[in-house]
Each structure stands twice: as structure tokens, then as C-alpha cells.
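2 protein chains.
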Amino acid sequence: MSQNSSLEPQCPLPLASDDTIRLAHGGGGRLMQQLIHEIFLEAFSNSYLNALQDSAVLPTQDGRLAMTTDSYVVQPLFFPGGDIGSLAIHGTINDLAMMGASPHYLSAGFILEEGLPIITLKQIVSSMAKTAQDCGVHIVCGDTKVVDRGKGDQIFINTTGLGVIPQSVDIGPHRLTPGDRIIVSGDLGAHGMAVLSQREGLEFSGNLRSDSAPLPDVIADLLKHNIAIHCLRDLTRGGLASALNELATAGPSTMTIKESCIPISDPVRGACEILGLDPLYVANEGRFVMFLPSEDVDRALSLLHQHAVSKNATDIGEIRLPESTPHQSLVTLETRYGTHRILDLLSGEQLPRIC
Amino acid sequence: MSQNSSLEPQCPLPLASDDTIRLAHGGGGRLMQQLIHEIFLEAFSNSYLNALQDSAVLPTQDGRLAMTTDSYVVQPLFFPGGDIGSLAIHGTINDLAMMGASPHYLSAGFILEEGLPIITLKQIVSSMAKTAQDCGVHIVCGDTKVVDRGKGDQIFINTTGLGVIPQSVDIGPHRLTPGDRIIVSGDLGAHGMAVLSQREGLEFSGNLRSDSAPLPDVIADLLKHNIAIHCLRDLTRGGLASALNELATAGPSTMTIKESCIPISDPVRGACEILGLDPLYVANEGRFVMFLPSEDVDRALSLLHQHAVSKNATDIGEIRLPESTPHQSLVTLETRYGTHRILDLLSGEQLPRIC
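Protein chains in written order, with this note's numbering: chain A, -11 to 343; chain B, -11 to 343.
Don't read these hints as lab results, they were simulated from the structure. Ideal placement from N, C-alpha and C gives every residue a C-beta, glycine not left out. Please note: incorrect hints may appear among the correct ones.
Said to hold, decoys possible - For lysine to aspartate or glutamate, the following DMTMM-like pairs were computed, each having C-alpha atoms within a straight-line distance of at most 25 Å:
1) A/K139 - B/E188
2) A/K139 - B/E30
3) A/K299 - B/D136
4) B/K139 - A/E322
5) A/K139 - B/E102
6) A/K139 - B/D136
7) B/K139 - A/E102
8) B/K139 - A/D6
9) B/K139 - A/D136
10) B/K110 - B/E234
11) B/K139 - A/E188
Claimed, not checked - Derived contacts from chain A toward chain B, CB cut-off under 8 Å, selection only:
12) R52
13) L309
14) P310
Said to hold, decoys possible - If you want a taste of the chain B side facing chain A, the calculated C-beta under 7 Å gives, among others:
15) L46
16) T48
17) K110
18) R137
19) I252
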């Protein structure tokens, strides 16, 4: 029990770079207060968060709300093109953007393993703060738990996002229509392959760099220009093939895409060939697939090409009515050799812990 | 790469009770789909969640929003009076209630350790679903990640809550006023001691049972009856003493509470004495402290006593103007012997991983 005395300092010494996370940093006492003030408030400061209440109080929002959650457990924490902090912002705001929402607010929940170097936490938090600022979103509430050494893996981050969907926007699988064209926003597989090669210490020729990037701006631009977006999906775990399968099931419909049109960079193609992976199933963190009527494709592509994040956007195929077996939703790849291959859902996964 | 053939089943076999979580359950493929459909959708089903979009689409809300996040890492997962699932609902909706918000929507983010028995996951998810239903909140979006064996601890859950604050409600530390009475809603320390004794296999005389419970209803009742609540705080990590210290700092003010008025059950008192713990610093999950003008105290207590969760609510003290040193916020305990003891913030924590 703590007895106050003039000899006992009111506050612990400032956190030093060579400090590590202790169980007591999650205990509700002075050390937790210090962590909150010196690390989190210092980086994320905004009026909602700084109030340090049990909940953040946010203004009334004019429109339907979009809410999404993701936990991030990527290993390694730092990889070419990003880190767990920037990923935790991009991944969550991209899920909001896929509903046509403009992202506004994020929560941040940290599960820290005892022994995590404070300097590592600071780097991650600083990356989160910079990414959030660049993307115009506020981290309005947070939570920190500490688990014993060996019961976690350095740091896990949950971000939950809140955005607002303009009244005129209606995006979703219910709007998928036979005849819709299918556009991918850029080259596929870079995020998964960059994380994997960093984790396994693999060296491939060429530059493998995560595609992790924010998507709300390009989606907002498409909506501003009245592109009739029917459906959007970001191509995270399971990649393009899994996203198309999920949407074809929601339809139901048949989707046909052309292998020769799908952009895949040489380094990703090379690394996938060596490792026996299919880039169509590899995760991306800054790529999406869009469905829209064919008459809007040219305008959409020309807008997409103006944004760095979608400068390689390509029309890769179309939705068709299911042919022979009406209850069978299928995704078919037309190969370079003119044959057809069914792109099924994989059973498990190719790459664990890439986000 | 998966090749579709008539010999390969389209879906994996239904999850069996003796199955365990595999890395592939987090991989974006068929096994993850199965987990989502057979466990999560089965338990949490509602129109927002069932859409299975990148974000849940929620109706426009009439009022300011309250947003809060908490990760739950409690060990053991099951304890007398609750489990990590019920706790993940109560803890988060209570944080909303502390701002006077009515809780509406929750996200649920799961971090599962490879090897977690499916039956354990089902029990926890079922408890979450029942608790959410009892509390009138919807789990509208979710996420599941799987980490390798030895890199987690069975299951961690993040819930982020969204509620609506009625226009007339203004609750927070900015309204703390000298003369305000301080009410605690019930006996203290039961949650922390129940979890600790379960974890350590300690047997104490008497019934140690967590106080984990939802608080929104009793707060709504107080507001409905126009009790002039100035400030609320739920007494989680760090217990009553830490909550008062945080609020006194926000003031700044001096808070004086009477030891003889603070309700503590005999089993908690006994267990704390044996273990050398101070119940004023032990976590609760269904208790709060309320600050209000003295003229409203009698009406407030009579309302509180009508709710099971606050039937032992007691007036324990008051806010005073800081006396000698105006910049020093202090919480003072008037002991049973008439002496005064300063209740300081502890440095670390008494009990790790109790929520």
C-alpha cells in the first residue's frame, strides 16, 4: 500500500529508451498513467482522446455510420513499406472506404507483451500517429493491456473504425449485376510477399515492398465523379481469388477474369514461383476490386490512374449469369493459354500472420 | 493451389467439439469462412453482422456518439460469476454508460492461439451472445486472427462500443464541484478477488464471486428521474482509489471518503487481509462511483437500491476545495479510528490480468 511522503516522488522517472514494458504498465496505477501520457497522448493528441474519459464523446454524425474492426498480429513488426502501426490505420480505414464511407474516428487497443522495448512501442505509436494524421482520422479512445512474457508476441493492435456514408451511396454485393466489369486497382501480392520475405530472411531479386496504403481518397474521388460503383472489396487475407469467391457466393453469379490482364510485378511473380505460391491468393493492403457497369469503366480507369495508389488499375473481367448449374457460384480464370481454371476458395491459408 | 473436382468436398466437415483452432482458421480461406459461419454468425446473428461486409452499415444516430474500446486478457477464462465473454460485453457497455450513453453496437475482435479447443471458443462466444442479448446490444462487426502456439494465451477479445448520448446529458469531470457527494454503487473488490482466487487455486471462507454486471440500465433510470449526475466512473483496474485519484487530478479538488461507509463483503475483506491487498485498489466490473449535489443524494440512493446491481449503494464522502496546497489533488480516507490516510495512486498494480 502506498503511503505518501515527501521523500517518495509523486511521479516515476520519465520513460527511458532502454526501458521495457512491465506487467505494471497495464495495472491502472501510476506506471499506466505514465505510459498513457508519455507515449499515447503525446503521439495521438486530440480533443476527444485528451479528455481521458471512459468513452470518447463524438459529435452527432449526419449520415449512416460504417463500423469495422481489425486486430493486427503481423510478424515481423517492421517490413519494407510499412509496420504494424501504419498497417493498423490503413487496414481499418480501407474497410470503411469499401462501403463508400469517409473514415473519421478510430479506437486503438494495445496488447503488449512484458519485455517489449519502450523504443519499439514508441516507433510503432509514432508511425500510427503519422499515418492517422496523413489520412485525416483521429484516434479517439484507447486501451492498453499487458500480458506476461511468453503469453503474447511483442504487440498486437486492434483498431476499430467509424465512418460516415453519404446518403446517396449504396455499395455492396446486393448490387452485383451480370455484365458488370471487374477492375483491380493495381498489382497484386506485394504486401504478403514483402512480409514473408522479411520474416523468413529471404532475398529475392527486385524490390519487394508492401503495397500498404490508404484507399479512402481514391474511392471518394470516384464517388465525387458519380462513377456507379456497385461493389468494392479490399484484397486482404486470401487475396483476389478469395474476395471474388466470397462475392460470387453473395450473388450468386459467375465471375470470369483474364490472367493476362491481372497486374503482378516481376519481383512478386518471381518470388511466388520460387515458393510455389499463387499471387491471386496472396494478401494485399492497398489494393481493391471494384464492380461497375461497363459504360463507366473508361471514366473510372482514367480517374484511378490519377491516384498513385491505383495508377496500375486494370479491367480484368466481368460478371456473367451462372451458366449450367444456377446454384453454383464460380470464379473462372481464363489462362494465358486460353484454358479455363476454376479459382476456388483455399482451405486454409498460404501465409500466416501477414496482417 | 486448389483444383476443383467432384471428389473434393466443397466445404470442410462441420466443426467438431474436439477440434482445435489451427493457423488456417485465420487465413481468409474456407476454414475461416467455416469458423465465421458456424461459430460467430450462429451466435451473434443480426442484420448488421450477417451482411458480412467490410464494415457494418448502421443507421444515422440522433445524438452525440460515445465510443470506447477495451481488450480482455483475463486469466482464467472462466471464473465464479463470469467469463472472458460476458466480461467483454459488460466492461465495454459500462464504459459507455459512464458517459450517460445508451449502448447500441459492439465490434468483436478475437485473437486466438493455435490449439484453442473449439469447445472453449464456443462456450465463450455463447456467453458473449447471451450477455449482449440480455443487455440489448448488437455485435455488428468482427475479426478473427490466429497466432502460433506459444505466441498468445488461448484467447484475447477486443470489444469496441458505440452508444448515443441524449442531448440533455452532460457528465464528466468538468462538472465536479466542491460539496458534491460521492456514492459507490455497491461492495468493492469482488471481481478482482474472485479471479485471483480462481487463478491461484486459493480457497477462502465465504463465496467469492465476480461483481461483473451491466450498468447502463441503472444509469438510464437515474437520468430518467433527473438525478443531477455530475460525474461517473466505473471502478475497474486500480479500483476505487485509482478512480478517485484520476478524477481529483482532473478537478483539481480534494476528496474525502469514510472507511466505515465503504461497503466491502466479509469474504473480500478476509481474502484481502490474508493476501495483504487493499480492497480499495482491487478491480470491480459492475461497480461505479457517482458524484452529485447533496440535495439529490436521497432520491438517487432510493433509485439505486431498486436495482440489484446497486442495492448496496452508499454515500461514502464528499468533494472539498483543496485546502492548504491548491495544486495538490488529494484523496483522503478517514479511517475507522478517526485518523486520516492519503489514498495515492499505486505505482503498478496489485493484480495482473484481471480483465
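Going through the hints against the structure:
| no. | hint | result |
| --- | --- | --- |
| 1 | A/K139 - B/E188 | 17 Å, holds |
| 2 | A/K139 - B/E30 | 29 Å, violated |
| 3 | A/K299 - B/D136 | 37 Å, violated |
| 4 | B/K139 - A/E322 | 41 Å, violated |
| 5 | A/K139 - B/E102 | 12 Å, holds |
| 6 | A/K139 - B/D136 | 11 Å, holds |
| 7 | B/K139 - A/E102 | 12 Å, holds |
| 8 | B/K139 - A/D6 | 23 Å, holds |
| 9 | B/K139 - A/D136 | 11 Å, holds |
| 10 | B/K110 - B/E234 | 38 Å, violated |
| 11 | B/K139 - A/E188 | 17 Å, holds |
| 12 | R52 | 6 Å, holds |
| 13 | L309 | 19 Å, violated |
| 14 | P310 | 15 Å, violated |
| 15 | L46 | 4 Å, holds |
| 16 | T48 | 6 Å, holds |
| 17 | K110 | 20 Å, violated |
| 18 | R137 | 11 Å, violated |
| 19 | I252 | 15 Å, violated |
Violated hints, listed in ascending order, are 2, 3, 4, 10, 13, 14, 17, 18, 19; each of the other numbered hints is respected by the structure.
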